[in-house]
Amino acid sequence: MKKPFKIDFNIALLIILVALIAVIGIRNPNFVHYNYVMAVVVKNIMELGMMALPMTLIVITGGIDLSVGSIMIFAAISGGLVSASHGEAAGVLVTIAIGLLCGLLNGFVVAKLKISALITTLATFFLFRGIARGITAGDSVYSYKFSTAMGNTEVGGAPLALFFYIACAVVFTLLLSKTALGRSLYAIGLNQDAARYSGLKVDSILIWIYVLSGVVCSLCAFFYLGRFTSVKYDVANSMNLTVVTIIVLGGTSILGGVGDMRGTIIATFIIAVLKSGLTVMNIPIDIQTIIQGIVLIISLIVYSILGERAKQKKILEVMRDGGPRLAEE
Amino acid sequence: MDEVLRLDHIVKTFPGVLALDDMNFDLRAGEIHAICGENGAGKSTLMKIVTGVYKPDSGEICIDGQPVSFESPNDAFAKGVAIIYQETSLFEEMTILENIFLGHEITRKKLGFRAIDYAAMRREAQDIFGIMNVHLDLDERAKNLGMAQKQMVEIAKALSYKSKILILDEPTASLTAREVDALFGIVRSLKEQGVAIAYISHRLEEIFELCDRVTVVRDGKFISCHAVGETNKDMLVADMVGRSMDNYYPKADVEIGGELIRAEHLNQAGVLRDVSFRINKGEIVGFAGLAGAGRTELAQALCGFTKLDSGDLYIEGNKVRIGSYRDALDAGFVYVSEDRGKYGLVVEMSVKHNITMPQLSKMKKGLFLDNGLEKRTADRFVDELGIKCPDCEFLTENLSGGNQQKVSVSKAIAMDPKLLILDEPTRGVDVGSKAEIHNIVSGLAKKGLTIFMISSEMPELIGMCDRIYIMKNGTIAGELPRGEATQEKILKVALDVA
Numbered sequence: 001m002k003k004p005f006k007i008d009f010n011i012a013l014l015i016i017l018v019a020l021i022a023v024i025g026i027r028n029p030n031f032v033h034y035n036y037v038m039a040v041v042v043k044n045i046m047e048l049g050m051m052a053l054p055m056t057l058i059v060i061t062g063g064i065d066l067s068v069g070s071i072m073i074f075a076a077i078s079g080g081l082v083s084a085s086h087g088e089a090a091g092v093l094v095t096i097a098i099g100l101l102c103g104l105l106n107g108f109v110v111a112k113l114k115i116s117a118l119i120t121t122l123a124t125f126f127l128f129r130g131i132a133r134g135i136t137a138g139d140s141v142y143s144y145k146f147s148t149a150m151g152n153t154e155v156g157g158a159p160l161a162l163f164f165y166i167a168c169a170v171v172f173t174l175l176l177s178k179t180a181l182g183r184s185l186y187a188i189g190l191n192q193d194a195a196r197y198s199g200l201k202v203d204s205i206l207i208w209i210y211v212l213s214g215v216v217c218s219l220c221a222f223f224y225l226g227r228f229t230s231v232k233y234d235v236a237n238s239m240n241l242t243v244v245t246i247i248v249l250g251g252t253s254i255l256g257g258v259g260d261m262r263g264t265i266i267a268t269f270i271i272a273v274l275k276s277g278l279t280v281m282n283i284p285i286d287i288q289t290i291i292q293g294i295v296l297i298i299s300l301i302v303y304s305i306l307g308e309r310a311k312q313k314k315i316l317e318v319m320r321d322g323g324p325r326l327a328e329e
Numbered sequence: 001m002d003e004v005l006r007l008d009h010i011v012k013t014f015p016g017v018l019a020l021d022d023m024n025f026d027l028r029a030g031e032i033h034a035i036c037g038e039n040g041a042g043k044s045t046l047m048k049i050v051t052g053v054y055k056p057d058s059g060e061i062c063i064d065g066q067p068v069s070f071e072s073p074n075d076a077f078a079k080g081v082a083i084i085y086q087e088t089s090l091f092e093e094m095t096i097l098e099n100i101f102l103g104h105e106i107t108r109k110k111l112g113f114r115a116i117d118y119a120a121m122r123r124e125a126q127d128i129f130g131i132m133n134v135h136l137d138l139d140e141r142a143k144n145l146g147m148a149q150k151q152m153v154e155i156a157k158a159l160s161y162k163s164k165i166l167i168l169d170e171p172t173a174s175l176t177a178r179e180v181d182a183l184f185g186i187v188r189s190l191k192e193q194g195v196a197i198a199y200i201s202h203r204l205e206e207i208f209e210l211c212d213r214v215t216v217v218r219d220g221k222f223i224s225c226h227a228v229g230e231t232n233k234d235m236l237v238a239d240m241v242g243r244s245m246d247n248y249y250p251k252a253d254v255e256i257g258g259e260l261i262r263a264e265h266l267n268q269a270g271v272l273r274d275v276s277f278r279i280n281k282g283e284i285v286g287f288a289g290l291a292g293a294g295r296t297e298l299a300q301a302l303c304g305f306t307k308l309d310s311g312d313l314y315i316e317g318n319k320v321r322i323g324s325y326r327d328a329l330d331a332g333f334v335y336v337s338e339d340r341g342k343y344g345l346v347v348e349m350s351v352k353h354n355i356t357m358p359q360l361s362k363m364k365k366g367l368f369l370d371n372g373l374e375k376r377t378a379d380r381f382v383d384e385l386g387i388k389c390p391d392c393e394f395l396t397e398n399l400s401g402g403n404q405q406k407v408s409v410s411k412a413i414a415m416d417p418k419l420l421i422l423d424e425p426t427r428g429v430d431v432g433s434k435a436e437i438h439n440i441v442s443g444l445a446k447k448g449l450t451i452f453m454i455s456s457e458m459p460e461l462i463g464m465c466d467r468i469y470i471m472k473n474g475t476i477a478g479e480l481p482r483g484e485a486t487q488e489k490i491l492k493v494a495l496d497v498a
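Protein chains in written order, with this note's numbering: chain A, 1 to 329; chain B, 1 to 498.
Treat the hints as calculated values from the structure; they're not laboratory data.
Facing chain B, from chain A, some residues (calculated, C-beta under 8 Å):
| hint | residue |
| --- | --- |
| 1 | 178 |
| 2 | 187 |
| 3 | 190 |
| 4 | 193 |
| 5 | 195 |
| 6 | 197 |
| 7 | 199 |
For each label pair, taking beta carbons as the anchor points, the in silico distance ranges come out as:
| hint | chain 1 | residue 1 | chain 2 | residue 2 | range |
| --- | --- | --- | --- | --- | --- |
| 8 | A | 230 | B | 113 | 51 to 61 Å |
| 9 | B | 368 | A | 166 | 12 to 22 Å |
| 10 | B | 330 | A | 101 | 26 to 36 Å |
| 11 | B | 330 | A | 152 | 48 to 58 Å |
| 12 | B | 361 | A | 166 | 25 to 35 Å |
| 13 | A | 203 | B | 9 | 49 to 59 Å |
| 14 | A | 201 | B | 314 | 24 to 34 Å |
| 15 | B | 280 | A | 174 | 41 to 51 Å |
We put the beta carbon where it would ideally sit given N, CA and C, even for glycine.
Construct the complete structure from the given sequences, taking the supplied hints into account.
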């Protein structure tokens with residue numbers, strides 16, 4: 001829920017983002033040049049950023065979706081194959097259908113069969129990759145007109161994906177903070193039993209958000225395939241972990257029930273700046289990875305300190321207001 | 001006989017509740033001493049004091065005549081006090097032998113390491129089984145054992161700690177008649193070996209068959225202690241009842257309308273047996289019974305949380321099928337759980353968010369939730385039910401138990417239901433809040449709301465209900481109208497004392 005310290009945490013994230021941009025910008029002024037920002041910093045993070053939006057919903061319910069990268073590749077490959085054999089329109093439809101069906105499978109297993117989301121999506125992570133490899137026999141699949149247009153069109157120097165991202169970010173932010181569905185997600189994450197005992201359709205809500213995640217992966221599939229002109233089954237293997245990193249960095253609790261979309265959005269750009277900024281500063285890739293790890297750990301520590309302080313403040317308030325709570329027998 | 005355990009003038013309070021009031025209890029070596037009392041009479045609290053889970057506020061615990069103070073359950077355990085709960089806590093994947101010695105394995109030095117000495121453990125386990133006179137394969141995994149065998153392993157585990165005082169908490173609740181006989185055999189062998197046994201049970205016949213003495217507790221107080229030869233079932237029942245009838249709000253008389261609900265022959269394997277009842281419009285109908293009699297299970301089946309195997313349900317004469325709680329809500333049933341923290345509320349959320357949660361679809365303006373409408377709805381109930389909170393944005397976890405319960409009730413009645421199902425509405429709330437909740441329920445009944453009320457407090461049922469159904473072993477064992485219901489009559493049906 002909206003807790004007072006959440007806002008502080010988002011401001012802290014924003015300060016980190018600005019500080020990173022400032023430091024890197026001073027060392028290498030080209031980094032803050034509009035064209036560079038759009039063509040490199042923003043463009044490279046769009047798929048990850050879009051996937052992080054629905055996954056924030058999933059994590060808030062106490063779940064996780066490790067299969068996102070695999071769904072995207074599976075959808076991109078299937079779309080590419082079908083468009084080559086049956087035409088563009090069929091390719092587009094198949095891409096979307098694959099994401100939807102993969103999400104439906106994840107959601108069904110998690111919600112109805114009650115198998116942990118971590119295990120389910122780890123299994124489907126391999127499953128979808130495996131199918132992608134099977135149907136291509138390990139070969140590359142090439143982009144088609146629609147996908148190429150999605151991946152390479154620029155509007156005022158900004159990639160088309162950015163506009164999709166902004167639209168999605170607005171929709172998901174409102175969805176989480178303003179709608180009945182958003183409220184239900186927090187309730188499920190905090191106390192699934194109580195959510196059920198309030199008549200919330202927990203199972204269908206869970207299925208629905210995994211489907212949403214799958215469909216967003218389909219959307220990303222167009223951009224990704226277009227950007228790279230061809231994909232193979234084995235690319236984008238660690239995408240799922242980067243998305244989880246973004247969400248955790250954004251202050252969403254991996255245990256569910258706590259978090260918001262703004263944190264995820266800011267964290268997306270922190271990761272974007274780190275990824276391309278460190279390259280600009282000629283920092284070797286292994287050091288980059290270390291720095292990313294350190295940033296994540298520091299943010300988690302800050303988050304737990306802020307959380308602990310808020311809890312202590314709350315305890316003080318309670319002791320002042322109404323004495324200790326009644327012990328249950 | 002030697003007195004091994006003595007509790008003198010024990011007092012234990014929880015905020016707002018006096019759980020044990022000047023409680024006395026003693027236990028001798030080689031005796032089986034029964035403790036009986038209604039649900040909530042203080043038996044569990046008493047046992048938690050003896051086993052070191054709670055510390056008494058005042059009073060003295062003596063073991064072998066020496067005053068002791070238990071800082072933790074381990075402390076009590078080290079002094080020879082062990083408890084066997086209804087639910088066993090064995091590790092399913094471990095063998096009987098491993099379970100018995102878990103945490104205190106016998107070891108010996110081997111190549112400089114301390115290695116587990118299975119042979120020594122096996123010898124000792126066989127000795128223990130010898131004392132108990134049971135024969136179980138020590139290498140069997142716990143998951144392959146029946147309920148009764150698991151209990152035997154628990155007892156063996158307790159004995160492996162050289163426990164001199166053994167507390168059995170409703171050990172026969174889930175056993176078959178043959179298993180009960182086997183258990184009694186073991187308990188008697190232990191008694192002959194000089195173990196002191198405290199035996200908690202609702203089954204009065206068992207007490208007369210097995211025990212030497214019986215202590216009755218009520219309202220956290222010691223009521224009586226007799227040798228079983230000097231008492232009988234009627235005397236025990238008379239001692240167990242007699243809770244004060246003060247502070248209960250009698251129900252205001254309202255016009256009782258036609259039939260609202262009729263249930264016919266509801267069955268659910270292992271839980272409900274041929275349950276039939278009817279509730280008329282405007283009635284408060286109570287469901288009495290001991291813990292495990294099937295009352296909560298009945299309410300949950302009515303609300304679609306669990307599925308019935310057979311039986312029909314009619315609302316205002318029309319047959320209905322309820323497959324989920326959403327169906328139940330749509331049919332006008334709403335359930336207020338006995339476990340607020342687990343099922344009733346999302347305590348990390350605000351009072352407002354909890355109250356509106358079951359009807360978020362009605363709280364919308366266009367696509368989005370209407371904060372103003374939510375706030376007005378919540379404020380109305382905060383005001384009507386007198387929920388003590390600074391405002392409706394306050395987090396529910398920071399409220400007292402009584403106020404949390406009021407939030408739970410608000411959430412239900414905000415749905416404007418036809419039938420309100422209250423499951424132990426005053427459990428774990430202090431005396432003041434209890435009176436307030438009774439007042440609220442009376443007020444709702446006066447407005448014509450029909451109420452299905454489960455309670456283990458008989459005066460609460462007698463004071464408030466138009467009719468009381470008494471459940472036993474998953475079925476309805478009796479029905480008493482207002483005016484005829486007394487605590488004694490209810491308890492006799494619930495305990496099956498002819």
